[in-house]
Amino acid sequence: MENAIVMKNVCKDFKVLNRHEGLKGSIRDLFSRDYKTVSAVKDVSLEIAKGEIIGYLGPNGAGKSTTIKMMTGVLEPTSGEILVNGVVPYKERTKNSENIGVVFGQRSQLWWSLPLIESFKLLRDIYMVDKKDYEDMIELYRSLVDIEPILHKPVRQMSLGQRTLSDILAAFLHNPAIVFLDEPTIGLDVSMKDKIRSLIRGLNSEKNTTVILTTHDMGDVDALCKRIVIIDKGSKIYDNDIEHLKSYFGNYRTLKMRLSDDNWVEEVIDESKQDIMKIIMERQKEQKIKDLKLEEISTEEVIKKIYEGASK
Amino acid sequence: MSTNTVSRKRGLSFYARIYKKILIQDLKSKMSYRADFIISTIGMIMTNLSGFVTFLILFRNFPSINGWDYHHMLFLYGFSLVALTPVQCFFDNNWNLRFQVQSGDFIKYCFRPINVFFYFMSEVFDVKGLGQLAFGVGTLVYAWYHIGMEVTVLRICLLILFLITASLFMIAIMNFAAATCFWIVGSGYVMVIMFRFKDFAKYPASIFSGIFKVIFTFIIPIAFVAYYPSLAVLDPCEAPVLSWCAPLLGILFFWLSYKFWMLGVRKYDFTGS
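As given, the protein sequences belong to chains A and B, one line each in that order.
Residues in the first sequence are numbered from 0 upward in steps of one, following the numbering used here.
Residues in the second sequence are numbered from 176 upward in steps of one, following the numbering used here.
Hint data in this document are derived by calculation from the structure and do not stem from the laboratory.
For each residue, glycine too, the CB sits at the ideal point set by N, CA and C.
There may be inaccurate statements among the hints.
As the list claims (entries may be wrong) - Among chain A residues calculated to face chain B with C-beta under 8 Å, some are:
1. Thr-93
2. Glu-97
3. Phe-103
4. Asp-124
To be verified - Below, simulated PhoX-like cross-link-like pairs (lysine-lysine); rule was C-alpha separation at most 25 Å, straight line:
5. A:Lys-90 / B:Lys-283
6. B:Lys-434 / A:Lys-192
7. A:Lys-120 / B:Lys-283
8. B:Lys-442 / A:Lys-41
9. B:Lys-195 / A:Lys-120
10. B:Lys-205 / A:Lys-152
11. A:Lys-152 / B:Lys-195
12. B:Lys-196 / A:Lys-90
13. A:Lys-131 / B:Lys-184
14. B:Lys-283 / A:Lys-152
15. A:Lys-120 / B:Lys-184
16. A:Lys-232 / B:Lys-442
17. B:Lys-195 / A:Lys-130
18. A:Lys-272 / A:Lys-303
19. B:Lys-203 / A:Lys-120
20. B:Lys-184 / A:Lys-130
21. A:Lys-131 / B:Lys-442
22. A:Lys-152 / B:Lys-196
23. A:Lys-131 / B:Lys-196
24. A:Lys-90 / B:Lys-203
25. A:Lys-120 / B:Lys-205
26. A:Lys-130 / B:Lys-205
27. A:Lys-194 / A:Lys-225
28. B:Lys-442 / A:Lys-14
29. B:Lys-203 / A:Lys-152
30. A:Lys-120 / B:Lys-196
As the list claims (entries may be wrong) - In silico negatives: residues of chain B with every beta carbon more than 10 Å from chain A:
31. His-246
32. Gly-313
33. Leu-336
34. Ser-381
35. Cys-412
36. Cys-420
37. Ile-426
38. Leu-427
Generate the whole structure from the sequences, applying the supplied hints.
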């Protein structure tokens, strides 16, 4: 299996000026060479196969977008190697960008005042897409989503959901080998989220496009990703299947109880430390339990545990 | 699946074609906002009229400035208006640069396989500049007629060459001013000050003395936005050396400003803000 992305021991440091307080301090800052080095990404190695959808997760400020910027050729790594479709992104930014698509959450990359179809035509020219490939792609879009209502609408008049949809379609238009999606479903309603997810799944399976998805929405992860990579404070702390993730915290269960006041109470239980029966019995001494459910821990809970564990 | 292994060449004709398409689409959408279009056109006419009236009042009181009579001054005035049109029409997005850099939206320009400077500037075409162009051309023709210069092919060619030269200087000044936002937060002032300086372009640089003349010639080359280039057209035989150097200096200065702008992009990348 060929790899779409290979990262070897990649580090990225930023130099940050030590700022001083007050007016005197800011004047001093003007001439100061007093920098400290902040490591945004530390020794990350990663291989992503063609056609994979990867969930790239981590708490805010973990180094996710720094990694994405390095993969897209916007940032140069301080050390280590990156190959994207066999190209060193930073050295050949233009060549690299022909083969990738990028969607950055709520920042539209389309021409604000143009109808979507005109943006598509411009992108077709910019990426020099063959006429036939372009028409096939539009045909594929038609089969996956109802694009008619937005095709002739200027981007500035679109709702957030329509705009996100348009941005995703635009990112896939030149049939790139890799598409980076940064928080594609942020701020969208449930049905729109669902639409976007099935569109991404459809495009991935039709075109075998590699998708790197960064998100805080575990619904996206559950719906799309087989494999997830988690980084925290710049280091990779998890890289495996999503199923394995659950067994990572396999001893955890969510116990749901409906009490006499008809409210459901939830508790996450570590079975290796606590006895479920004991907890139920103790509860029952206080209140009557009307109903019981024992569930697998949700992805969201697991991720929360990992983030919390890592930041300790 | 067609993975592009060969990087295709994007030359001048490619960029010209893309620009034309963006321009046509942009104009179409601007026309559809009719009220906006009409109001901005009226605004443009008013701005030009008030500038012109100021000029007339000034000349009621001073029949000549430093040996420049009314019609020569008018020529300089029209020349500067035409020379300022390209920066207004094609490079107006420079005014938005600092907002996009500060908000982080600028990063979107780094993901396409085309020149970042071109991509950024192509996004905005300011129609208002066209009113200024018409006004400027009118003034130029009127002044030319009253000065009584001969209309020869050579003179017309000189005029066009030196108008281009003058606009290159103004574009470069604004590029430099705008690109400061990659390093400093208060770059808005730099742009406003530079844009104010353009008003000096309307007057012969010979009225400035000593230090100001040096500044406006070599540091902030406002004198090249109308004065030196127009001398070459008005009086080719008597024009100073600086006038004749202007086209080359203009290209050099523009190229430097482009490099400075792109250096800013690199620097922006590094901080990754």
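query = Closest CB-CB distance from B:Leu-336 to chain A, is it above 10 Å?
reply = holds (32 Å)
### Message
Would the hint linking B:Lys-195 and A:Lys-120 be met if the CA-CA limit is 25 Å?
### Response
The given pair, whose Cα atoms are some 13 Å apart, holds under the 25 Å limit.
Need the status of pair B:Lys-442, A:Lys-41: alpha-carbon distance at most 25 Å?
The hint holds at about 22 Å.
inquiry  = Using Cβ atoms and 10 Å as the threshold, tell me whether B:His-246 really stays out of contact range of chain A.
reply    = Holds: least Cβ distance 43 Å, greater than 10 Å.
*Quick one, are A:Lys-90 and B:Lys-203 close enough, alpha carbons at most 25 Å?*
Since the Cα atoms of A:Lys-90 and B:Lys-203 sit roughly 38 Å apart, the hinted pair is violated (cutoff 25 Å).
- Message: Check whether the Cα positions of A:Lys-120 and B:Lys-184 lie no farther apart than 25 Å.
- Response: Measuring from Cα to Cα gives roughly 19 Å; hence the hint holds.
Check: Given the hinted pair B:Lys-205 and A:Lys-152, is their alpha-carbon gap at most 25 Å?
Finding: The given pair, whose Cα atoms are some 14 Å apart, holds under the 25 Å limit.
For the pair supplied as a hint, A:Lys-130 and B:Lys-205, confirm whether the alpha-carbon distance does not exceed 25 Å. violated (28 Å)
**Asked** Within a Cα-Cα threshold of 25 Å, do A:Lys-194 and A:Lys-225 meet the stated pairing?
**Response** Distance of about 19 Å is within 25 Å: holds.
* To do: Confirm or reject the statement that B:Ser-381 sits farther than 10 Å, beta carbon to beta carbon, from all of chain A.
  => B:Ser-381 is indeed farther than 10 Å from all Cβ atoms of chain A, at 38 Å.
- request: Given the hint that A:Lys-120 pairs with B:Lys-196, test it: the Cα-Cα distance must not exceed 25 Å.
  value: The hint holds at about 9 Å.
Checklist entry - Does the alpha-carbon distance linking B:Lys-196 and A:Lys-90 stay inside the 25 Å limit? => result violated (30 Å)
Checked against the numbered hints above, the structure violates hints 6, 12, 21, 24, 26; every other hint is satisfied.
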